[in-house]
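**Q** First to last, the sequence lines map onto chains P and R. Following the numbering used here, the numbering of the first sequence begins with 1 at its first residue and continues without gaps. Following the numbering used here, the numbering of the second sequence begins with 104 at its first residue and continues without gaps.
No wet-lab data here; the hints were simulated from the structure. No residue lacks a Cβ here, since even glycine has one placed at the ideal position from N, Cα and C. Incorrect hints may appear among the rest.
What the hints assert, rightly or not - Pairs of lysine to any residue, SDA-like flavour, derived with a Cα cap of 20 Å:
no., chain 1, residue 1, chain 2, residue 2
1, P, Lys80, P, Thr10
2, R, Lys188, P, Asp68
3, P, Lys67, R, Ile176
4, P, Lys72, R, Gln172
5, R, Lys251, P, Asp68
6, R, Lys188, P, Ser3
7, R, Lys188, P, Thr4
8, R, Lys188, P, Ser97
9, P, Lys72, R, Ile176
10, P, Lys32, R, Gly337
11, P, Lys67, R, Asp253
12, R, Lys188, P, Pro69
13, P, Lys67, R, Trp336
14, P, Lys67, R, Lys188
15, R, Lys171, P, Glu17
As the list claims (entries may be wrong) - Cβ pair distances, simulated, as ranges:
no., chain 1, residue 1, chain 2, residue 2, range
16, R, Lys224, P, Ala64, 52 to 62 Å
17, P, His42, R, Val356, 25 to 35 Å
18, P, Ser35, R, Gly378, 45 to 55 Å
19, R, Asp222, P, Glu17, 44 to 54 Å
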Amino acid sequence: MPSTIRVRATAGGDTTEVQALVQHPMDSGFVKDASGNLIPPHHIEVLEFEHGGKAVFTALWGPAVAKDPYVKFSFKGAQKGDDLTVSWVDNKGQSDSLVAKIQ
Amino acid sequence: MFGAKMLRAVFATVGVLLLGLAQSAAADSVNPQADFKAFRDYFTKRFPNVPLNDFVNGPYSMDADLRKQWTAIEDFPPYQFALDKGQEMFATPFKNGKTYGDCFANKGIGIRQNYPYFDDKTGEVVTLELALNRCRQANGEEPFSYVKDDMAALTAYMAFTSRGKLFDIKIPNDPRALAAYENGKKYFYTRRGQLNFSCASCHVQSPGEHIRTEVLAPALGILAAMPIYRSEWGGMGTISRRFVTCNSQVRGVPLEPQDENYRDVEYYLSYMSNGLPISGPGSRP
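Isolated chain P (complex conformation) (with noise of 0.2 Å):
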């Protein structure tokens, strides 16, 4: 299985911007399906991103964020080459994560 995370992180000038997507259902459990029933919910609930052992950023994410997420930020204090630890949890135990060059 292909990772689930696509990441991109460049540093430039003092801080490094990170862009990623995540591929994921994001079923609400308010939907149903052709035949009536509802699609229980499935969705992420914590995506985090791990520079140096410190979080430098944490998404609490519930029902109303749409299918394969996308998130950009930035964040101070990394090099260039330096490792990007990326990874989410959803609402069914389910995980992935990924380390990423900053570029």
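Since the structure of chain P is already known, use the hints to place chain R on it.
**A** The following block gives chain R in isolation, referenced to the frame of chain P:
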């Protein structure tokens, strides 16, 4: 003397009349080259500031604000997951050991611009989606749904390997090919549905105009970015999906995906886009 002169005049008049008849007959007959020229001239004259190759970017060629958002989105395109999946599927052999590549010229790489084509053996238009499912069936696999998911992933990868190649649709001098072309053209310009819209009502008459919050794409080059990730759909869709949705949006009854009429429309529209670059997979609002 006078008699001979008059006779000549009569002959000349008859000649002019015959010429007139011949001309009107030409206008009624199928003439793809003339249609192509008229179609392209219409768009280039109506949108003189849009570079020809930019028409394939649909609504983004018409609206500066949308274009800005799109440039940012393309930095991290939403079709990426489908594209990766398509690449993997394409490389994975069937149960019999053959691959998709074995069904196509050049192993299926960089050939999107040649589809659809007219198959002179079966006398019908073959689209890329149809060819992919036939390839699966010939190798003992179940066909895919034409509208999304697997089919969109495969065509996304095949379009990606053909990016920048120019549409090269051929209409052979075969009455069946010309009939398919003409049928596609007719379907494109025929009004249908409760709203009484033809494909052309939106995409020829009104490109660049807003329909609710959407900006209508020009028909010129409209298939070059297929398949597309549409935010409205929350996922990928193929050319089949686009035709089916267009029909239901005008409150008509859609045909089955890959119906002969849809394939003929695809043939017509792709021919009209000859010379324009493949830009798929694309993303649209």
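**Q** Could you run down the list of hints and mark each one as holding or not?
**A** Cross-check of the supplied hints:
1. P:Lys80 to P:Thr10: This hinted pair holds, its Cα atoms lying about 8 Å apart.
2. R:Lys188 to P:Asp68: holds, 15 Å
3. P:Lys67 to R:Ile176: holds, 15 Å
4. P:Lys72 to R:Gln172: Holds. P:Lys72 to R:Gln172 sits at ~14 Å (cutoff 20 Å).
5. R:Lys251 to P:Asp68: holds, 16 Å
6. R:Lys188 to P:Ser3: Roughly 11 Å separates the two Cα atoms, so the pair holds.
7. R:Lys188 to P:Thr4: holds, 11 Å
8. R:Lys188 to P:Ser97: Holds, at roughly 19 Å.
9. P:Lys72 to R:Ile176: holds, 11 Å
10. P:Lys32 to R:Gly337: The given pair, whose Cα atoms are some 16 Å apart, holds under the 20 Å limit.
11. P:Lys67 to R:Asp253: holds, 18 Å
12. R:Lys188 to P:Pro69: holds, 18 Å
13. P:Lys67 to R:Trp336: Holds, at about 11 Å.
14. P:Lys67 to R:Lys188: The hint holds at about 17 Å.
15. R:Lys171 to P:Glu17: holds, 19 Å
16. R:Lys224 to P:Ala64: 52 to 62 Å: holds, 54 Å
17. P:His42 to R:Val356: 25 to 35 Å: Distance hint for P:His42, R:Val356 holds at roughly 34 Å.
18. P:Ser35 to R:Gly378: 45 to 55 Å: Given range 45 to 55 Å: holds, Cβ gap about 47 Å.
19. R:Asp222 to P:Glu17: 44 to 54 Å: holds, 50 Å
Checked against the numbered hints given earlier, this structure breaks none of them.
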